[in-house]
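Just so you know, the sequences run in chain order A and B. With the first letter of the first sequence counted as 1, position 8 gets the number 8 in our numbering; the numbers rise by one all the way through. Position in the second sequence (first residue = 1) + 88 = our numbering.
It is worth saying that the hints were derived from the structure and are not from the lab. Check each hint, because a few of them may be wrong.
Unchecked claim - Simulated crosslink set (DSSO-like; lysine-lysine; CA at most 27 Å straight-line):
hint: 1; chain 1: B; residue 1: 278; chain 2: B; residue 2: 324
hint: 2; chain 1: B; residue 1: 126; chain 2: A; residue 2: 61
hint: 3; chain 1: B; residue 1: 115; chain 2: B; residue 2: 126
hint: 4; chain 1: B; residue 1: 148; chain 2: B; residue 2: 193
hint: 5; chain 1: A; residue 1: 44; chain 2: B; residue 2: 197
hint: 6; chain 1: B; residue 1: 193; chain 2: B; residue 2: 163
Unchecked claim - Using C-beta positions, here's what the derived DEER-type ranges look like:
hint: 7; chain 1: A; residue 1: 45; chain 2: B; residue 2: 445; range: 49 to 59 Å
hint: 8; chain 1: B; residue 1: 278; chain 2: A; residue 2: 57; range: 31 to 41 Å
hint: 9; chain 1: B; residue 1: 345; chain 2: A; residue 2: 74; range: 34 to 44 Å
hint: 10; chain 1: B; residue 1: 451; chain 2: A; residue 2: 77; range: 41 to 51 Å
hint: 11; chain 1: A; residue 1: 60; chain 2: B; residue 2: 345; range: 40 to 50 Å
hint: 12; chain 1: A; residue 1: 21; chain 2: B; residue 2: 366; range: 38 to 48 Å
hint: 13; chain 1: B; residue 1: 194; chain 2: A; residue 2: 69; range: 40 to 50 Å
hint: 14; chain 1: A; residue 1: 2; chain 2: B; residue 2: 272; range: 53 to 63 Å
hint: 15; chain 1: B; residue 1: 224; chain 2: A; residue 2: 60; range: 54 to 64 Å
hint: 16; chain 1: A; residue 1: 21; chain 2: B; residue 2: 458; range: 46 to 56 Å
hint: 17; chain 1: B; residue 1: 159; chain 2: A; residue 2: 77; range: 38 to 48 Å
As the list claims (entries may be wrong) - A few chain A residues facing chain B, derived, Cβ under 7 Å:
hint: 18; residue: 12
hint: 19; residue: 15
hint: 20; residue: 29
hint: 21; residue: 32
hint: 22; residue: 40
hint: 23; residue: 70
hint: 24; residue: 71
hint: 25; residue: 83
Even glycine gets a Cβ: it sits at the ideal position worked out from N, Cα and C.
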Amino acid sequence: MTTVVCRCEDITEDDILEAIRDGYREIEVIKRHLRLGMGPCQGKTCIPIIERIVARETGCKTQELDIPTARPPSRQVSFSLLAGDDRD
Amino acid sequence: MTVTESARAVIIGGGVNGTGIAYHLAKRGYTDVVVLEKGYLGCGASGRNGGGIRQQFSTKENIILAMESTRMFEKLPDELDTEIEFEQGGYLVLAFTDEEVEQFKKNVKLQNDLGLKSSFISAEEAREIVPELNISKVLAGTFNSTDGTIYPFPVIYGYARAARGMGVDIREHTTVTDIVTQGRTIRAVKTDRGTIETDTVVNAAGGWSAGIARMAGVELPNRPYRHEIMVTEPFKRFLEPMVISFQHGIYFSQSRHGNVVGGIGNPHEEQGINQRSSLWFMRTMAKTLTELVPRFSAVNMIRQWAGLYDTTPDAQPILGEVPEVERFFQVNGFSGHGFMVSPVVDKVTAELILGETPSMNIDGLSVTRFKGMDLEMEYSVVG
Ligand SMILES: Cc1cc2nc3c(=O)[nH]c(=O)nc-3n(C[C@H](O)[C@H](O)[C@H](O)COP(=O)(O)OP(=O)(O)OC[C@H]3O[C@@H](n4cnc5c(N)ncnc54)[C@H](O)[C@@H]3O)c2cc1C
Chain A
1 MTTVVCRCED ITEDDILEAI RDGYREIEVI KRHLRLGMGP CQGKTCIPII ERIVARETGC
61 KTQELDIPTA RPPSRQVSFS LLAGDDRD
Chain B
89 MTVTESARAV IIGGGVNGTG IAYHLAKRGY TDVVVLEKGY LGCGASGRNG GGIRQQFSTK
149 ENIILAMEST RMFEKLPDEL DTEIEFEQGG YLVLAFTDEE VEQFKKNVKL QNDLGLKSSF
209 ISAEEAREIV PELNISKVLA GTFNSTDGTI YPFPVIYGYA RAARGMGVDI REHTTVTDIV
269 TQGRTIRAVK TDRGTIETDT VVNAAGGWSA GIARMAGVEL PNRPYRHEIM VTEPFKRFLE
329 PMVISFQHGI YFSQSRHGNV VGGIGNPHEE QGINQRSSLW FMRTMAKTLT ELVPRFSAVN
389 MIRQWAGLYD TTPDAQPILG EVPEVERFFQ VNGFSGHGFM VSPVVDKVTA ELILGETPSM
449 NIDGLSVTRF KGMDLEMEYS VVG
């Protein structure tokens, strides 16, 4: 049994360990390789967990890791709402 | 710490072009190569783009580059043993003005003459391809079924893995700070981590390439402009092709995972290195997208980001050597269509570095074309 790390994309701790073994050692890069933290929750739960796994596996402190830039919008928002200024 | 080492060639930039050129050189046995990337591989435009692969251009050079590149992308998964998610759902290009209609007819004629099976279609036919499309203002369109989209990231990492496997030295988090020349000869590349002696440098630094050229005393006409892009939540796939309108500066497609990825150019964007996200983009994207496809109204945007277009005066790339400095190869100025032409560009650049006659003539794309010449504009560009 293995822990699910990213629920949006169904990615497990084993997937992350394998990515690190394959040479994807930065969070930004692991994220793009596994498409993780890119689902509707935008990595709010999984990125902190991945930070800890990468820190443990690569021997870096979590503070030394490059953390992915948080991209807007901070929560998902519909196009009708965004377009809403001068239309319904 | 200063370490002095040497290499046969130094490639500046770890995007699709830097890694791709390294791969093509290594395949030919030229492995004493160092690739320098100031961030991680793909942190520039190559890891931020829409993955659109289009062959419907208005100039001969771009059409030929894109056609041959598409054929190479088709073979790339086998060659690199990696999945690149190349979906050939076609590109639907929409015309909204009479000038566009005339230009598109010319484009299709030229494309057909060069062997591309694109077609000029009516607004009704466009709606047959995308039934949810609002065609009230669409005058006509063009369609080519072998265009499509890819996921850029595995392409870059596929090249890097293969090149490293053959002995190429690819260094991330290493910033080039200077290029040392003596007369017309390159002597070395300086970085924040030491100096590498070499007589051959490739400038594949995307939006930063004019700055890199200046380090060698070469002035390029390319300038960086921010271009923004976004992705929606995934939902059931209903959009087969990439849809594009030069009039609105917009393009959008739906990936095999169901997310819609799209961007829109800001005509008032100021020149400069700026990769921040704007509210203008979010609103304009939402307005334009829901106008073209009303069904998108209920869909949620989940993320927006930005990257740099490296834009030349004629929206065509700058390739090959420069008059001022020997063995200083340019691979830049791709505006918003550098990924789709990279396979050929990288192969041909490798051939030039090896001193061979290139398999495709790219003389027309040398930087010298900007010296007092009439420019042949590429009209089919967004943003
Ligand atoms: C939002 C957006 C959407 C796009 N959509 C498409 C599309 O759908 N289809 C398409 O074909 N193209 C598209 N493009 C264009 C395409 O992404 C680029 O043309 C292409 O990726 C350029 O690749 P490159 O390797 O030449 O440059 P880049 O990927 O930009 O790589 C240059 C690298 O050089 C590095 N660098 C810079 N300065 C230094 C230094 N001093 N030392 C060391 N390294 C340095 C940078 O960090 C960067 O990683 C888009 C671009 C953007 C921004």
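Tested hints:
1. B:278 - B:324: 50 Å, violated
2. B:126 - A:61: Measuring from Cα to Cα gives roughly 22 Å; hence the hint holds.
3. B:115 - B:126: Holds, because 25 Å separates the two Cα atoms, which is no more than 27 Å.
4. B:148 - B:193: 15 Å, holds
5. A:44 - B:197: Violated: residue 44 of chain A and residue 197 of chain B sit about 50 Å apart, past 27 Å.
6. B:193 - B:163: Roughly 31 Å between the alpha carbons, so the hint for residue 193 of chain B and residue 163 of chain B is violated.
7. A:45 - B:445: 49 to 59 Å: 56 Å, holds
8. B:278 - A:57: 31 to 41 Å: At roughly 33 Å between Cβ atoms, residue 57 of chain A and residue 278 of chain B fall inside 31 to 41 Å, so the hint holds.
9. B:345 - A:74: 34 to 44 Å: 22 Å, violated
10. B:451 - A:77: 41 to 51 Å: Since residue 451 of chain B and residue 77 of chain A have Cβ atoms about 49 Å apart, the given range 41 to 51 Å holds.
11. A:60 - B:345: 40 to 50 Å: Hint violated: Cβ distance 30 Å, outside 40 to 50 Å.
12. A:21 - B:366: 38 to 48 Å: Holds: the Cβ-Cβ distance is about 39 Å, inside 38 to 48 Å.
13. B:194 - A:69: 40 to 50 Å: 42 Å, holds
14. A:2 - B:272: 53 to 63 Å: At roughly 59 Å between Cβ atoms, residue 272 of chain B and residue 2 of chain A fall inside 53 to 63 Å, so the hint holds.
15. B:224 - A:60: 54 to 64 Å: The hint (54 to 64 Å, Cβ to Cβ) holds, given that residue 224 of chain B and residue 60 of chain A are roughly 56 Å apart.
16. A:21 - B:458: 46 to 56 Å: Since residue 21 of chain A and residue 458 of chain B have Cβ atoms about 48 Å apart, the given range 46 to 56 Å holds.
17. B:159 - A:77: 38 to 48 Å: This hint holds: roughly 41 Å between Cβ atoms.
18. 12: 18 Å, violated
19. 15: The hint is violated - residue 15 of chain A has no Cβ within 7 Å of chain B, the shortest such distance being about 15 Å.
20. 29: Holds: closest Cβ of chain B sits about 5 Å from residue 29 of chain A, inside 7 Å.
21. 32: Holds, because the Cβ-Cβ distance from residue 32 of chain A to chain B comes to roughly 5 Å (cut-off 7 Å).
22. 40: 5 Å, holds
23. 70: Hint on residue 70 of chain A: violated, closest Cβ of chain B at ~10 Å, above 7 Å.
24. 71: 5 Å, holds
25. 83: Holds: closest Cβ of chain B sits about 4 Å from residue 83 of chain A, inside 7 Å.
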